[in-house]
Structures are given as structure tokens and as C-alpha cells.
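Could you slot chain H onto chain G? The hints should help.
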Amino acid sequence: MGKDDEKCLLSDCTFIHLPGYAEFILTNRLEFFVRRIVEYSFEVDLPLLRHLSSVSREELVAISMSSNRTLLEALANNEIPRYINESKENWLANMLPVITREQILSDDITLLSHIRRTIFLEVLADYSMNPNEWSDIMKELDRFTVMLDSTLINTYLLLQQERLEEVGRALEGRETQWLEAQAIGKIGSFEWDLVRNESRNSPQCLAIFEIDDDETYPLEKFIQYVHPDDRKKIETAFVESLISGECKCEFRYEKNGNEKFLLLSGMVGYDDKIPVRIVGTVSDITEKQSIIQKLEASEELNKQAQALTHIGNWSLDPATGEMEWTDELYRIFGMEPQSEKITIDSVRPFFQSDHGRLMVTGLRYALRSGRVPESHFRISRRDGGAKIIKGKGEVIFDKNGKATRISGTVQDVTNEFLLTEHLKDRERYLDALNRSLAQKNEQLTNKNKELESFNFIASHDLQEPLRKIQIFSSRILQESAEGLGSDVLLNFEKIRNAANRMQKLIDDFLAFSQTLNVPSILEPVDLNAILHDVQIDLLPRIADKKATFHFTNLPVIDAIRYQIKQLFINLVSNSLKYAHPEKAPHIHISARKEKSQDQSDVAVITYRDNGIGFEQKYAEKVFELFQRLHNKNNYSGTGIGLPLCRRICENHNGSITVIAEPMQGCTFTIILPVKNS
Amino acid sequence: MRAFTPAAKRILLVDDDIDDRELFVEAFSFIDDPSIVSTLEASDKLLDYLQSADVLPDYVFLDLNMPRKSGKECLKEIQQHESLRNIRVIIYSTSINPRDVAETYQDGAYCFIQKPNSFSDLKNILQKVLTSKARSFSLNGGYIFAGSQNS
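Chains G and H are the protein sequences, given in the same order. The letter at position 162 of the first sequence is residue 162 when you use this note's numbering, and the numbering goes up by one with no holes. The letter at position 42 of the second sequence is residue 42 when you use this note's numbering, and the numbering goes up by one with no holes.
Hints in this document: simulated from the structure, not taken from any laboratory. Beta carbons: idealized from backbone N, C-alpha and C, even for Gly. Some clues are possibly wrong.
[Unchecked claim] Here are the simulated DSSO-like pairs of lysine-lysine, each with C-alpha atoms no more than 30 Å apart in a straight line:
{"id": "1", "chain 1": "H", "residue 1": "K72", "chain 2": "H", "residue 2": "K123"}
{"id": "2", "chain 1": "G", "residue 1": "K260", "chain 2": "G", "residue 2": "K221"}
{"id": "3", "chain 1": "G", "residue 1": "K440", "chain 2": "G", "residue 2": "K504"}
{"id": "4", "chain 1": "G", "residue 1": "K392", "chain 2": "G", "residue 2": "K440"}
{"id": "5", "chain 1": "G", "residue 1": "K565", "chain 2": "H", "residue 2": "K128"}
{"id": "6", "chain 1": "H", "residue 1": "K76", "chain 2": "G", "residue 2": "K468"}
{"id": "7", "chain 1": "G", "residue 1": "K468", "chain 2": "H", "residue 2": "K45"}
{"id": "8", "chain 1": "G", "residue 1": "K621", "chain 2": "G", "residue 2": "K577"}
{"id": "9", "chain 1": "H", "residue 1": "K69", "chain 2": "G", "residue 2": "K468"}
{"id": "10", "chain 1": "G", "residue 1": "K449", "chain 2": "H", "residue 2": "K76"}
{"id": "11", "chain 1": "H", "residue 1": "K128", "chain 2": "G", "residue 2": "K468"}
{"id": "12", "chain 1": "H", "residue 1": "K9", "chain 2": "G", "residue 2": "K468"}
{"id": "13", "chain 1": "G", "residue 1": "K595", "chain 2": "G", "residue 2": "K577"}
{"id": "14", "chain 1": "G", "residue 1": "K504", "chain 2": "H", "residue 2": "K123"}
{"id": "15", "chain 1": "H", "residue 1": "K72", "chain 2": "G", "residue 2": "K504"}
{"id": "16", "chain 1": "H", "residue 1": "K123", "chain 2": "G", "residue 2": "K494"}
{"id": "17", "chain 1": "G", "residue 1": "K232", "chain 2": "G", "residue 2": "K294"}
{"id": "18", "chain 1": "H", "residue 1": "K72", "chain 2": "G", "residue 2": "K468"}
{"id": "19", "chain 1": "G", "residue 1": "K447", "chain 2": "H", "residue 2": "K69"}
{"id": "20", "chain 1": "H", "residue 1": "K128", "chain 2": "G", "residue 2": "K504"}
{"id": "21", "chain 1": "G", "residue 1": "K255", "chain 2": "G", "residue 2": "K294"}
{"id": "22", "chain 1": "G", "residue 1": "K447", "chain 2": "H", "residue 2": "K72"}
{"id": "23", "chain 1": "H", "residue 1": "K69", "chain 2": "G", "residue 2": "K449"}
{"id": "24", "chain 1": "G", "residue 1": "K546", "chain 2": "G", "residue 2": "K583"}
{"id": "25", "chain 1": "G", "residue 1": "K449", "chain 2": "H", "residue 2": "K72"}
{"id": "26", "chain 1": "G", "residue 1": "K468", "chain 2": "H", "residue 2": "K123"}
{"id": "27", "chain 1": "G", "residue 1": "K504", "chain 2": "G", "residue 2": "K621"}
[Stated by the list, open to error] Listed next, with one range per pair, are the computed distances between beta-carbon atoms:
{"id": "28", "chain 1": "G", "residue 1": "F454", "chain 2": "H", "residue 2": "V25", "range": "28 to 38 Å"}
{"id": "29", "chain 1": "G", "residue 1": "E624", "chain 2": "H", "residue 2": "K128", "range": "39 to 49 Å"}
{"id": "30", "chain 1": "H", "residue 1": "V55", "chain 2": "G", "residue 2": "A438", "range": "54 to 64 Å"}
Here chain G stands alone, though its shape is the one from the complex (with noise of 0.2 Å):
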């Protein structure tokens, strides 16, 4: 319908047989009129009513006496398009008595229309019985009927057409926030066709695959951004999907440089049971990806720092004692991690005597005091073995103060236990070596008593009888030799030499032991000082062998002077006394300066004779005390006098060693520190 007809419908609106039967029902059958209205109404189960039916019939029969009174009153008075238009502006702005205008249908619009007309050509017999009148009064109707009906309905339409304008605000509300959403949570949808093979996809999902505005981009060319690794995964999750209906799967996807890791999961949609689309969505989980592996690198770490360690960690339900152990725990216990399912009860079992007790005293107050107290437990292990170890742990408490959750960890601490047992031993062992110690200690300080006692005895009463005897024997010598025969006097000759070499072994022996003894001091001596002030107290004996001497340049060096001087004289001595029989003797000494291990200055001496020798296989024999090589009848000795120049030597730090040939004579090596403290 135009709407120039609509127009000329209600510009032609002026009716001639229509008022005068309106004025005849408003005037006698108004009432009639109504009621038959209403009752048709229910008859034909007008839909309005269902809206209604809480109204009583006879408000009902009120409201209508007044809707139609209204009309009635437009008809008689011929002011039709007046109350189409009232109707109208009173529909429009929801002014309808008892009904709101969502309510009306357009079933309503026709049907009331229909009641309306039929209930006019039943009381139409009561105004006229000219069927010409009738006729005209049924054109007119049937003219008003359209006039109205064309106007609800279209009313009705703008209705419906503004309804559908806010729903459509409402969707498209609801897509901004969908898209929107999409954004904020880096997701994005697509759907693929796969009977044309295109794909159109949200503007989220283009930025995530990095596609500038071409929105039926055909899903599957993405490919060959996709990590080359992950390709062959990706192709068949979505052949798999075609089978299965869905698809997942995580790749990593690099277009511009930057490779991110994706989420794409799909469903499949079927015609006829072809698949023919996928509906779904791709999310970015870069970051979630790399905190997923940081956390397994972390997870990884912590696995291995508990396995260098012997750590393992547990987490127990206090409410149904089921447990929770990290591998370490089950490899301490002996088991494949995470082999079977603990509980305390089933962990008991593996503690020795009563220690399993002990574990789960120890558990129960910690209930108590929020913290499991640290112990150690003897446990046998699942595989045979026994293990110390270490357990401590916390409890977790809700806000009401009941305990959750116990955890805590468990060390094995076998190997430390084992050292601290066996350190224990040593501890023991090593005071017991100690108390010996001690003993030894007082023991050898009682023998230097002793010893001391012993210097002294022959230091002083061995001389006094000894000393009698030379004393005596040298005055018969001296004062009476004129009348003894020269027998005696040979005996007491005799007598005299054993007293004298008596003595020169006791002074031998003291001069030995008082080397370490005697409170010395340390100076600077002039080796070649000493060695002079040597010949000269060894004068007489020198010339008597016809010695010679060579030395040059000898250092001075930091040492005890009167002990530095025997150890010439002793050397000297020596090399008179194992004399060449047909050699003069001849002494050659020198020395050079040379750095020690600790890089200090030590004086090496050589002194070398020319005198009988010895095999050098007693070389270090001849520093032992009381060793003699010769027999004494050939040569006086008292095996002291090399002893008691290594003891010198080494009273100085320092040290002497010899090599030496049988007649061929010695070579003494004698090092010395120049600076001594």
C-alpha cells in the first residue's frame, strides 16, 4: 500500500449512511452492542484477552463501553480521521487503557476488526430494513474498517521496527565488547570455509598472525609463518580434526621478526556430515609460555638441586593423611619417584624401632604449634638399605585457624651423619693418642730428669775419682820418679793415659750433650776468624803433622761462636788424626752463598782433607755416636766428635753430609744459614 492510497483514504473520509446508524446504536443499542463484543471477543479467543484475565468480564464490558462509546461518537459525528489519529498517538505513547502496546499483535488488529464489523450487521436488521441502506452501510464500514485497520497496522510495523532497532544497538553493543575482549585477551576468532576455502577472522586474530586487512584470508596460508618444527604438528591436528570434530594446538609463529607462541583451538562444523567450516579461536601465550618454561626450568632446577642435595619435599592432608612426595623423597626411601600413592600410614612402616612413632608425635604437634620440630630418623629403605635423615616442616592454617596442610622437606643426611660418627671416632682416637701423649710427655720429661742427673754424675763425681787418680799419679811422676824402678814407672805411665783418655771421653760426651742444653746466643761470626783461632789451639799437633791449611773469603754468618769453633776443631782434629801415612795432610776449605727452598741466604762450606777415607757406605754411620770405624789402638777416638758436629749443624738449622773414598780423604758439605733467628 502507497502512501498516496493511504492519503486519499483518509482525506476521503466523510461517510453519509455510517453517522446516522452510529447515532442509532449509541442512542439504543450501545449497551447490547458492547456486551456482544466482548462476548465474541472470548468466542474467537481474541489474543489481547490473554493479558487480561485478570479484568472481570463486567470491567471488561466498561472499558470497551468507553473505547466504543468513543468511536461510536467519531462515526455519528463524521470525524474519522480525528480518532484514527487519536488512536494512533495514543498507541504510540502507550496510553492504552489496561494494556501496554507491546501487548498488542497483529492477530489482534484484524481480528478485533472482524468482531467489530460482525456485531455491526448483527444489530444492523434493527435499524433498517431497506437492504439498499444496508448495502451503503456495509461500503462505509468496510471503508472505515480499512481506513483503521491500514493505520494500526502500520503503527504496529513502526512498532516492530523500532523494537528490532534496539535489539540491534543491543547486538551491536555486544559485539564491540566481544571484539573488545578479544583484544584484552589476545584472542582471536576466525572462521574458516572450507567449501571456498576462505577465512574470515576478527580484526584480533589478524593482529595476532600479523595480517593487514584482508579478512578472508584463507586460514591455512598462515603455514608458512609457523616454526618449520611445528609445521608437521599443526597439519595434523587439523586433518585429525576433521575426523574428530576439534582442534588444539600450540605453535610457535614468527612473520615479522618475532616468533610468539600460539593457541589455536577449533571446532568443525559438518553438512551432511562433510565437514565444511572450523569455528574457532587463536590465542597469543608467549608470555605464557615462557613462564610455563621458566617455571619447568625452575621445576627442573629444583629437581636437581634436590637430588645434589638429598633434599625431597612433602606436603601432607592432615585430614585424610594422604601425602604428597617430590621424586628426591621417594629415591631417599628407596622407591621409583612417584611409584604409589603415600599416606602416613603407609610411610610409617619404613621407620626403625620407634621412630615411626616419634614421626608422628612430632607431626601431631606440630598441629599444635604450627611448626614441625627438626629430627632425625633412622629409616630402612624400600630397596634393603638403612638412611639418617632429616625432617623439619610448617603447617598452614586457614582463617579459622584450622590446619590445611603440613609441608616440609627431608634431607637425607646419612653421609654427613656417618662423617660426624666417624669424626667422633677420630675425636676419641685422637684423645686417647693425646692422653698417651701426655703419658709419653712426662715419661720423657722424667727421663731428661734422668738424664740431667746422669750429666751430672759425669760431669762431676765420674771426674772426681778420675781426676784423683791423674792428680796422684803425676805428683809419683813428678815428685818420686827418682826412686822407683822403671818398670813401676812405665805402669804408672800406663795408668796415667787410660785416666787422660777417660777423661777427654767424658769431656767429649758433655761438650755433646750440652750442645742442645746449654742457653746460647746468637752472633755474627767470621768463619775465617774461627778457623785461625782453630790452628792456633791446635798448633802443636798441626806442626807435628806437617798440616797445611787453604781458605779464602769465607762469609760470616749468624751462629753460636764457641759451638761454630768446635765444629772446625772437631773436623781438624779428624783430619790429623786419619792422616795419609804418606801424605801430608792438607785442608782445603770454601764456601759459596746460595738461596735455600724458602729463598733465604744459606752458606755452603765444603771442607775437603786428603786423609785415609772411608767406604762411602758409612757415610752416614760416622755421625752416629759412639760409631768408630777404627780400631782404637790404631787411632784415638771417642766416636763423639762427628755426632757432635751434626748436632751442631743442626742446632743452627742447618746440616753437614760427607763423601768420602778409602784414601783418597773426605768431602764434607756443611750448610749453614747466613742469618739465623
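Chain H alone, transformed into the frame defined by chain G:
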């Protein structure tokens, strides 16, 4: 206090050994110097002897190793008495432990003599000690030990 200086030197030997006392006295008969020699066996009687003496000795020879009271103790006692300080105390010992030598010099000994092995040495030493004006004896003959050697 000595009222006058006698011409002859007064000498006292404290030694428990009878042989040494006899040899000592005998040796002085060969010494060409006027001297009056006395001996004392018991070292623990020395202080009484000195304090009751009319005339104090010029020299006291002390053996070191004696019963009841050692020569070192005797030396210290003498040094503790102001009136006895002028006596020259000479240690006359068989042993020549350097520690003993050092200690006795420190305690005020005049000199330290080892008992000689021959009678002629004994005469020579005593002659030297008595005739020397100072303590700078020659050490060439042995037996006499200077305090400076070990201190």
C-alpha cells in the same frame, strides 16, 4: 771490720773432700807468696765461722758440690752480708757446667776455677789467682773460666 791489713793473704777453702783439702794446703807450701791457709769441711758452718772470725779471709775457695749446703748457696749468703762483701769468693769445682759458671759470676763470684788434673797445674793456678792485680787472668792454661764467656 778489719782493723789492719795483714801482710800475709788469708785464704779459706770450703770443701767436703779431704784429698782436695790436703792437696790445696800442700800446694800453698810451694807458692812464693805469704799466705795463711785454712780449710773448712762443713759448708753449713761457713757463715758461723766467718761471723765469729777475728780476722776475715781475703779469699774463700768454694767447692760447688757439697752435702747439706751447696757452694752456690754459700756464695749467695756471703753476698747478702754487707760485712762479708769484700771477701773474694772463688769457685773451685770439678765440673765446669757453663750454666754454673754463668750463674756464679752473676752472683758475685770473683772467678771460677776447675780443679786441675795435676799437682803442678794446681800450684800454677793458685799462684796466678793470688798474684794477679785484677781478674784478667790468662785463659790459656785452661781451668780458669771467665764470666763473660757465658752470661
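We went through each hint and held it up to the structure:
1. K72/H <-> K123/H: The hint holds at about 24 Å.
2. K260/G <-> K221/G: holds, 17 Å
3. K440/G <-> K504/G: Violated: K440/G and K504/G sit about 34 Å apart, past 30 Å.
4. K392/G <-> K440/G: violated, 48 Å
5. K565/G <-> K128/H: holds, 27 Å
6. K76/H <-> K468/G: holds, 29 Å
7. K468/G <-> K45/H: holds, 26 Å
8. K621/G <-> K577/G: holds, 18 Å
9. K69/H <-> K468/G: holds, 23 Å
10. K449/G <-> K76/H: Roughly 25 Å between the alpha carbons, so the hint for K449/G and K76/H holds.
11. K128/H <-> K468/G: holds, 22 Å
12. K9/H <-> K468/G: holds, 27 Å
13. K595/G <-> K577/G: This hinted pair is violated, its Cα atoms lying about 34 Å apart.
14. K504/G <-> K123/H: OK: K504/G and K123/H at ~22 Å, within 30 Å.
15. K72/H <-> K504/G: holds, 27 Å
16. K123/H <-> K494/G: Roughly 24 Å between the alpha carbons, so the hint for K123/H and K494/G holds.
17. K232/G <-> K294/G: This hinted pair holds, its Cα atoms lying about 26 Å apart.
18. K72/H <-> K468/G: At roughly 23 Å apart (the allowed maximum being 30 Å), K468/G and K72/H satisfy the hint.
19. K447/G <-> K69/H: holds, 26 Å
20. K128/H <-> K504/G: Holds, at about 25 Å.
21. K255/G <-> K294/G: Since the Cα atoms of K255/G and K294/G sit roughly 24 Å apart, the hinted pair holds (cutoff 30 Å).
22. K447/G <-> K72/H: holds, 26 Å
23. K69/H <-> K449/G: holds, 21 Å
24. K546/G <-> K583/G: holds, 10 Å
25. K449/G <-> K72/H: holds, 20 Å
26. K468/G <-> K123/H: holds, 15 Å
27. K504/G <-> K621/G: holds, 22 Å
28. F454/G <-> V25/H: 28 to 38 Å: With Cβ atoms ~33 Å apart, the hint holds.
29. E624/G <-> K128/H: 39 to 49 Å: holds, 41 Å
30. V55/H <-> A438/G: 54 to 64 Å: Given range 54 to 64 Å: holds, Cβ gap about 59 Å.
Taken one by one, the earlier hints fail for this structure at numbers 3, 4 and 13, listed in ascending order.
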